[in-house]
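S.K.: Here is how the chains run, residue by residue.
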Amino acid sequence: MTAIITGAARPEPPGALTATLAFGYRALLKIRHVPEQLFDVIAIPVVFTLMFTYLFGGALAGSPGRYLPFLLPGTLVMAVLLVSMYAGIGLNTDVSKGITSRFRSLPVWRPAPVAGAIAGDVARYLIAAGLVTILGLIMGYRPAGGAPGVLDGTGLLLVFALCLSCAWTALGLTLRTPQAVMSTGTVVLFPLTLASNVFVQPRTMPGWLQAFVRVNPVSHLVTAERGLLAGHPAAGQIAWVLLAAAALLAVFAPLTGYLYARRAC
Amino acid sequence: MYEKRYPVAVEAAGLRKRFGTTEALRGLDLTVAAGTIYGLLGPNGAGKTTTIRILATLLRPDSGRAAVLGHDVVREAAAVRRKIALAGQAATVDEDLTGRENLVFLGRLSGLSRGGARARAAGLLEAFDLAGAGGRQVKAYSGGMRRRLDLAASFLVPASLYFLDEPTTGLDPAARNQVWQIVRAAADSGSTVLLTTQYLEEADRIADRVAVIGHGTVLAEGTPAALKADMGKGTLDEVFLALTQDTEGSAA
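Chains as they are written, first to last, in this note's numbering: chain A, 1 to 265; chain B, 1 to 252.
I should point out that these hints are in silico values taken from the structure, not numbers from a laboratory.
For every residue, glycine included, the Cβ atom is placed at its ideal position computed from N, Cα and C.
Be careful, since some hints might not be right.
Claimed, not checked - Computed footprint of chain A on chain B; a stretch qualifies when at least three of its residues, placed anywhere within it, have a C-beta under 8 Å from a C-beta of chain A:
no.: 1; stretch: 52–59
no.: 2; stretch: 118–129
Unchecked claim - Footprint (simulated), chain B over chain A, 3 or more residues, beta carbon under 8 Å:
no.: 3; stretch: 70–79
no.: 4; stretch: 146–157
no.: 5; stretch: 256–262
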């Protein structure tokens, strides 16, 4: 049994890419082992898509089939934004369980855990976006923008979600438990996704709500997605979304770095 | 054989560390000879874990300095990390992954090839009595199994210095005995082992030298036999009680 301890030479530490891939592989293993964590969250936009289309679609747009092209870009955004919370939940779990201590004692490229986690997040976003898109296709949704529109729309959504995930990682390093991160994230995201133009245009809403919906970043993101998926991208909206993403990144990425260095110690 | 060039594996002088209003370390000095098993003893909150975390480059001391295998732990942290292995007090493995996946993942991060990491994981699961549980998620493991997996992860690649923070806490006597054998084998292969323990019998049995720590400083240091003789006590337990009760009394 003690033969496992040998005087063999210690291998060279892994390179930056190998280390990042190892962390990314870990993220994929977590999706495989705990799929319910992902699907519990994706269930919400899936149910909303079905419910709003078949229950209210006729009343809102004349028929479910005419409502779906309006709704689906919105529930797509909702799905990916909800899934983006996991960046904070995962980081909080690692820090509170002490796994980051082991990572930090290993001779690996310092940003590798974060870079690997981002790779895992991209996989989660693609699964969420893919499932909602496929659901739409099954329900008869045919995006006028075709495959290029879907790809561009997914790309823009990924960029925004990755930048937003920095806010969740900062939150994950501030709160005590993964449950607290989840509930705080939900409390922030639900009002933002519901009080937006995901389900209906704000025309019929009271004035104060219209004012909120118009400044809500989720509304801008949904409008940009509708344009891309419908094949007539609105440059102004896309620029607005990219700018908002850059602002999120500029504020929360350094904050995450600062909190990580402080908390992980 | 390791580190013939550094006869001293750990050299720490005047380490101080404060967390808020708590002074975890107040001028701790420590010297550990290479190739030995060194035990840090002390009650909860004495500063054992803080000492280990500073030496393993996870914490910066507020003042004082420490060198591990000839490298300063603050200025040359990267060089230190290439030579050490750490088993922290909390089982630092991923609960969602299986035992085997944890070891392969950490093996890759330690520089093993994919095949090398798999082979090493299989060998370590066997050595730590986890062969049957390797395919199960860690969240289904008992406390003792997690502890053993965590220790196994520390032995993925050879280290010149192993930091083991309470390696046998929560283990049954048979598993504890296995860990002692592995620790002894590591020292026999030329590595140094710095471990913390609350079991005085453990320190007495496997440590070449021990330091009794209380309130952030070293209260006494030496071989278990010398400590007992100096204090006129029959067991390390009595030495420990005499020393730690003293400080409790003076602190009150």
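S.K.: Each hint: holds or not?
M.R.: Results for each hint:
| no. | hint | result |
| --- | --- | --- |
| 1 | 52–59 | holds (count 5) |
| 2 | 118–129 | holds (count 4) |
| 3 | 70–79 | violated (count 0) |
| 4 | 146–157 | violated (count 0) |
| 5 | 256–262 | violated (count 0) |
The structure shown violates the earlier hints numbered 3, 4, 5.
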